[in-house]
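These protein sequence lines map, in sequence, to chains A and B.
Anchor point for the first sequence: position 113 equals 113 in the working numbering, and the numbering is continuous, going up by one each time.
Anchor point for the second sequence: position 65 equals 65 in the working numbering, and the numbering is continuous, going up by one each time.
Honestly, the hints are just simulated from the structure, not real lab data.
The beta-carbon is built from N, C-alpha and C at its ideal position, and this holds for glycine as well.
Do not rely on the hints blindly, as some may be mistaken.
Stated by the list, open to error - Restraint ranges, calculated between C-beta atoms of paired labels, are given here: (1) A:LYS163 x B:LYS17: 31 to 41 Å; (2) A:SER97 x B:VAL24: 53 to 63 Å; (3) A:PRO88 x B:GLY201: 48 to 58 Å; (4) B:GLY91 x A:LYS163: 36 to 46 Å; (5) A:GLY148 x B:LEU372: 14 to 24 Å; (6) B:LEU312 x A:GLN145: 27 to 37 Å; (7) B:GLN216 x A:ILE104: 43 to 53 Å; (8) B:ARG69 x A:MET155: 51 to 61 Å; (9) A:VAL21 x B:ILE83: 47 to 57 Å.
Claimed, not checked - A few chain A residues facing chain B, derived, Cβ under 10 Å: (10) VAL59; (11) ALA61; (12) VAL65; (13) LEU74; (14) LEU129.
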Amino acid sequence: MADLLFHFFSILTIGSAFAVVYNHNAVNSALAFLVGLIGVSGLFVLLDSFLLAVLMILVYAGAVVALFLFIIMLLDMQGGERKKFSKPTAVAALMGSGLLAVCIVTLFQSFGSLYQPDATTVVPVGATLKNYADQLFTTYLLPVQVVGFLLLISMLGVIVLSKKFEGLGDVK
Amino acid sequence: MIDLYLDLPVWIQSALKGLIVIMVIIPIAGACSLAERKVSAWIQGRPGPNRATVPWVAWIPFFGKFLQRLGVFHLMADGAKFIFKEDVLPGHVNKFYYYLAPLVALVPALCTIVVVPFGAYFDAATETLQPVILANVDVGILAVFAIGSLSVYSLILAGWASNSKYPFLGGVRASAQLISYELSMTLSVIPVFLWVNAPGGNGTLSLFDVVQSQSQPGFLGGMWFVFLMPLCAFVFLVALFAETNRQPFDMPESEADLVGGFHTEYGEFKWSLFFVAEYAHMTIGSGVFVLLFLGGWNPLPWVPLAPLIAGLPIWLGGLIGIGVFLAKSLAFIFLFMWIRWTLPRFRYDQVMTIGWQKLLPLAIGNVIFYALAIAVIERS
């Protein structure tokens with residue numbers, strides 16, 4: 001049963017990821033992204049990390065994608081014309097395909113040599129809430145603060161960029 | 001009979017349990033629509049629906065007349081109308097999303113019930129109270145919030161797929177409003193879980209444990225959280241109204257300025273799915289409020305359920321637990337209707353001001369205050 005569900009959610013995630021990229025309609029893309037997030041959170045459930053699964057749905061599926069849709073609808077974006085092939089695009093494509101080639105080669109070289117612990121002996125660390133709290137307030141305290149600070153900076157940036165300073169000449 | 005049930009594979013058992021719960025929720029949602037008409041009529045001083053009847057029921061001497069006055073047959077006529085009406089598809093809509101939206105409305109509304117305990121029974125073997133619940137997971141309340149937050153897509157999709165102005169405005173309003181009030185809602189329950197999770201524990205977000213911590217002995221232990229944390233309850237209540245799109249917060253629908261809002265282009269059975277979803281949300285929302293702040297299945301403050309049903313047979317005790325919980329939830333649904341027919345609807349800018357400038361600072365201050373207070377109490 002778990003294997004079947006794993007395959008189901010994996011195919012769902014990968015398929016919807018492709019749908020996000022290849023769709024011309026922005027609303028379709030956003031909804032495919034939503035399905036992909038649900039697939040990922042299904043995979044988290046199969047790994048016994050229920051908190052991550054739920055947070056994935058709550059934060060990303062419930063709020064972030066809803067905001068994406070909000071913006072897409074507000075700006076009424078349609079799939080634009082495909083841009084012409086220019087020199088920078090060619091360079092970017094070359095670098096991208098090179099990276100992909102490296103990834104594929106590594107994948108095939110390391111196939112089977114990955115550390116594969118016996119599933120029965122692995123402790124489901126993510127199953128209890130206390131482990132998350134412990135880790136977040138000890139090992140990962142600095143990264144959490146840094147990420148929070150980054151989000152704050154970006155938020156302030158958006159406010160500054162989008163605010164119109166008319167009638168406040170001296171402030172600007 | 002029990003053996004036959006226990007011999008079934010696990011997934012069939014779960015499916016059966018889920019089906020039974022859905023078969024309870026949907027009639028409650030239907031009965032709510034009838035109750036809404038009767039309550040509104042009562043508040044506005046008119047009799048409400050009291051004419052429709054079926055001939056052979058009208059012949060029953062006293063009971064038939066009673067059912068007619070109650071308006072039960074209006075409900076059935078409504079249901080029949082929704083099912084048998086022609087399925088109209090407007091020419092200008094995006095067909096796929098137009099059909100998808102009502103389904104997306106109903107599915108999350110019914111899924112949230114999976115992690116909500118709706119009763120408790122006394123297990124004689126272990127001498128403890130056990131929850132009556134479909135899936136007793138540790139993340140309880142977060143799962144409710146997570147699945148509940150998906151219901152915003154039905155409004156957005158319905159508004160967008162309808163491809164006309166008023167539904168579109170409704171969809172845009174829905175996405176902004178639901179996200180704004182989700183913040184205050186999640187912040188308002190933090191003090192509750194700070195209080196429930198004693199230091200040294202493994203940490204739990206389960207709704208069953210919230211009720212258990214309202215059934216402790218002693219003055220503070222047996223106190224319902226609505227008395228212990230009235231401000232949390234208030235913020236949660238306001239956010240709950242906004243999240244379930246009930247007046248005074250029904251901006252996405254707002255028939256005064258948006259015709260019908262997101263469901264303007266919907267008719268017949270698809271419209272009724274939106275309707276059932278709204279009432280199902282309301283039912284489950286009131287259930288969650290009862291569990292968090294009103295002591296769940298404990299009949300009175302400082303009167304826990306466990307000693308009362310300890311000597312009774314297991315099915316009777318369980319039924320009493322479920323009955324107390326349902327009675328409280330239904331009373332709470334009445335509050336929803338009472339407020340709907342008492343307060344006028346806010347303007348849209350007022351909704352946004354209340355959400356971001358009043359409710360959110362209040363919720364944050366509330367969290368800080370209770371965090372300090374709980375720390376002081378735990379120290380002493």
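Evaluation of the provided hints:
no. : hint                            : in the structure
1   : A:LYS163 x B:LYS17: 31 to 41 Å  : violated (53 Å)
2   : A:SER97 x B:VAL24: 53 to 63 Å   : holds (57 Å)
3   : A:PRO88 x B:GLY201: 48 to 58 Å  : holds (57 Å)
4   : B:GLY91 x A:LYS163: 36 to 46 Å  : holds (43 Å)
5   : A:GLY148 x B:LEU372: 14 to 24 Å : holds (21 Å)
6   : B:LEU312 x A:GLN145: 27 to 37 Å : violated (54 Å)
7   : B:GLN216 x A:ILE104: 43 to 53 Å : violated (60 Å)
8   : B:ARG69 x A:MET155: 51 to 61 Å  : holds (58 Å)
9   : A:VAL21 x B:ILE83: 47 to 57 Å   : violated (41 Å)
10  : VAL59                           : holds (9 Å)
11  : ALA61                           : holds (6 Å)
12  : VAL65                           : holds (8 Å)
13  : LEU74                           : holds (7 Å)
14  : LEU129                          : holds (4 Å)
Hint compliance for this structure: hints 1, 6, 7, 9 are broken, all remaining hints hold.
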